[in-house]
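We have chain A; now place chain B onto it with these hints.
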Amino acid sequence: MKGLIIKDLYCLKKQFQTFAFIITGVMAVGLMFVLSVNYGNLRPAVSGMEEAGFDITMSVKIAVMFFMLLPLVCAGNIADSFADDKTASFYKVAASLPTTTGKRVMSKFVTAMLFLASGLIIDIAAAGVISCVSDIMVFSKCISLLVSISACVMIGMSLTNTVIYAGVPPLYSVYIPPLTAGIIFFAVKIKSIINALTSGDVSGMARFVNAVIKAFEEHPAAFAISAFAVAAVSWFVSTRLALRKRGVA
Amino acid sequence: MAENVIEFKNVAKDYGDFKLDGISFAVTQGSVCGFIGQNGAGKTTAISILLDIIGRDSGEVYLFGQPVDGKRCHLREDVGVVFDEMGFHEFLTAKQINTILKNSYKNWSEETFFDNLKKFSLPSNKKCGAFSRGMRMKLQIAAALSHNAKLLVMDEPTSGLDPIVRNEIMQIFREFEMCEDHTILLSSHITGDLERIADEVVFIDGGKIVLAGNKDDILEKHAMLKCSNKEAEKISESFIVYKNQSAYGAEILVNDANSCKKLYPGIITEKATLEEIMINYVNRVKTGVAG
Numbered sequence: 001m002k003g004l005i006i007k008d009l010y011c012l013k014k015q016f017q018t019f020a021f022i023i024t025g026v027m028a029v030g031l032m033f034v035l036s037v038n039y040g041n042l043r044p045a046v047s048g049m050e051e052a053g054f055d056i057t058m059s060v061k062i063a064v065m066f067f068m069l070l071p072l073v074c075a076g077n078i079a080d081s082f083a084d085d086k087t088a089s090f091y092k093v094a095a096s097l098p099t100t101t102g103k104r105v106m107s108k109f110v111t112a113m114l115f116l117a118s119g120l121i122i123d124i125a126a127a128g129v130i131s132c133v134s135d136i137m138v139f140s141k142c143i144s145l146l147v148s149i150s151a152c153v154m155i156g157m158s159l160t161n162t163v164i165y166a167g168v169p170p171l172y173s174v175y176i177p178p179l180t181a182g183i184i185f186f187a188v189k190i191k192s193i194i195n196a197l198t199s200g201d202v203s204g205m206a207r208f209v210n211a212v213i214k215a216f217e218e219h220p221a222a223f224a225i226s227a228f229a230v231a232a233v234s235w236f237v238s239t240r241l242a243l244r245k246r247g248v249a
Numbered sequence: 001m002a003e004n005v006i007e008f009k010n011v012a013k014d015y016g017d018f019k020l021d022g023i024s025f026a027v028t029q030g031s032v033c034g035f036i037g038q039n040g041a042g043k044t045t046a047i048s049i050l051l052d053i054i055g056r057d058s059g060e061v062y063l064f065g066q067p068v069d070g071k072r073c074h075l076r077e078d079v080g081v082v083f084d085e086m087g088f089h090e091f092l093t094a095k096q097i098n099t100i101l102k103n104s105y106k107n108w109s110e111e112t113f114f115d116n117l118k119k120f121s122l123p124s125n126k127k128c129g130a131f132s133r134g135m136r137m138k139l140q141i142a143a144a145l146s147h148n149a150k151l152l153v154m155d156e157p158t159s160g161l162d163p164i165v166r167n168e169i170m171q172i173f174r175e176f177e178m179c180e181d182h183t184i185l186l187s188s189h190i191t192g193d194l195e196r197i198a199d200e201v202v203f204i205d206g207g208k209i210v211l212a213g214n215k216d217d218i219l220e221k222h223a224m225l226k227c228s229n230k231e232a233e234k235i236s237e238s239f240i241v242y243k244n245q246s247a248y249g250a251e252i253l254v255n256d257a258n259s260c261k262k263l264y265p266g267i268i269t270e271k272a273t274l275e276e277i278m279i280n281y282v283n284r285v286k287t288g289v290a291g
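Residue numbers (the numbering used here), protein chains in the order written: chain A, 1 to 249; chain B, 1 to 291.
Next up, chain A with everything else stripped away, as it sits in the complex (with noise of 0.2 Å):
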């Protein structure tokens, strides 16, 4: 299993240069963007809407979240090694490995953890640089969220592993994680997006965003075990299907 890993962090390695470009581009307009509402040229305006009696903080909060989310469904993209793998035929080598169906399946997840994990880390260290030039968002709660996003995104993660066990191409699962990602967002406060849908009031979706947030915020671990379930079911599943193409049917 190590030596699978070991491969799919080779197939990461091709990508790193796509990947530090993306990261270092959010991480520099997430910065400006922070400095710039704090004591640059956003300033006045966000004064003005604060006057107002808009809820800057929030909005804020979700435009820089936004940005790092990029790197978290970036590192999520394990369908291009898949693909890679599809490419160079190696589910022969990986088949003829002294290794276990179980175990080959579970090299991918294992990978994907890695991928989502390398994501968090970059994104740790942009919270951490966040919370010290603003006071748009306390470290703890910066991690929180995060927590809680990574988990989506790993939930998506596993589903893709399983759906591409399943037969679907490569190409086709790389839009899984961020959409799984997207509908956990609507699905936690299911309640009060039909609310906010129904009665046309425009501020009953900010206190839809409002309130998916501060359940990110202040329910990590509950998202941490969930994914952590559905990567075990869905390992299992896959593991399943992986199994049916081979052996005595």
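There may be inaccurate statements among the hints.
Some but not every residue of chain B turned toward chain A, in silico, with C-beta under 8 Å [to be verified]:
{"#": "1", "residue": "E3"}
{"#": "2", "residue": "D52"}
{"#": "3", "residue": "G70"}
{"#": "4", "residue": "H74"}
{"#": "5", "residue": "R76"}
{"#": "6", "residue": "V81"}
{"#": "7", "residue": "G87"}
{"#": "8", "residue": "E90"}
{"#": "9", "residue": "T99"}
{"#": "10", "residue": "I100"}
{"#": "11", "residue": "N103"}
{"#": "12", "residue": "Y105"}
{"#": "13", "residue": "S109"}
{"#": "14", "residue": "Y264"}
The set of hints was computed from the structure by calculation and includes no laboratory data.
Backbone N, C-alpha and C fix where the C-beta goes; we use that ideal spot for every residue, glycine too.
Below, chain B without anything else, positioned relative to chain A:
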């Protein structure tokens, strides 16, 4: 008596448009078995079943005397595999492949791997995507020989290679074969290579085993008769595998060379090559008649 390293018993696999039809054969320890057949005959399917890459619908497969059932992956510690395509990512270097395989095989020997690379004149720091087909094959063979494998399973390792590289690769197989408990299953449609190296031959066509046994016995039993069409009429149907007739005469593959020599002393009898045997058996299956 030598043990069977590989055993297929009535193995079937149905793809709808192709069917592996209850094949049975065995490969004994210390032998080189040539698995021959035209493209699409079922060689790769059989090898994939042996390596547990694909499932089978029925039948039993044994590797080192133990059933291949998806639960005995440790058996693959002793199997070196060479596929018709490289299987490693093109952006990987031989050095990186060493790191991957070192962490996959318990008996992996880095020293042997790098020695093999040197022996085969393969660079260790160059991306293998830049390798020629011959170099890619040699890289696979270098890997297959670096974990103390007792069985080499190779699927068309020499196809598409020039004669010089093919000869080098055959030499490598011969060296591997020097150790008496080393066994080779070599699938190929290049019968000339197998004629030089194989002890046993399993001939598959249309998903069925057409012929299996000791190579020398098969070559001794079969012969090509060259005669006029009139003389061809006299030859007993029971000897004829396939008869190829033209206006200038007939070429007949027979399955009992000695009897034919005695019964038809006036007819020219020539030794049949594995290629001639393969072509004539395929024609027989295709046409459904002995010519």
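Outcome of the hint check:
no.: 1; hint: E3; in the structure: 21 Å, violated
no.: 2; hint: D52; in the structure: 5 Å, holds
no.: 3; hint: G70; in the structure: 4 Å, holds
no.: 4; hint: H74; in the structure: 6 Å, holds
no.: 5; hint: R76; in the structure: 4 Å, holds
no.: 6; hint: V81; in the structure: 4 Å, holds
no.: 7; hint: G87; in the structure: 4 Å, holds
no.: 8; hint: E90; in the structure: 7 Å, holds
no.: 9; hint: T99; in the structure: 6 Å, holds
no.: 10; hint: I100; in the structure: 5 Å, holds
no.: 11; hint: N103; in the structure: 4 Å, holds
no.: 12; hint: Y105; in the structure: 6 Å, holds
no.: 13; hint: S109; in the structure: 15 Å, violated
no.: 14; hint: Y264; in the structure: 49 Å, violated
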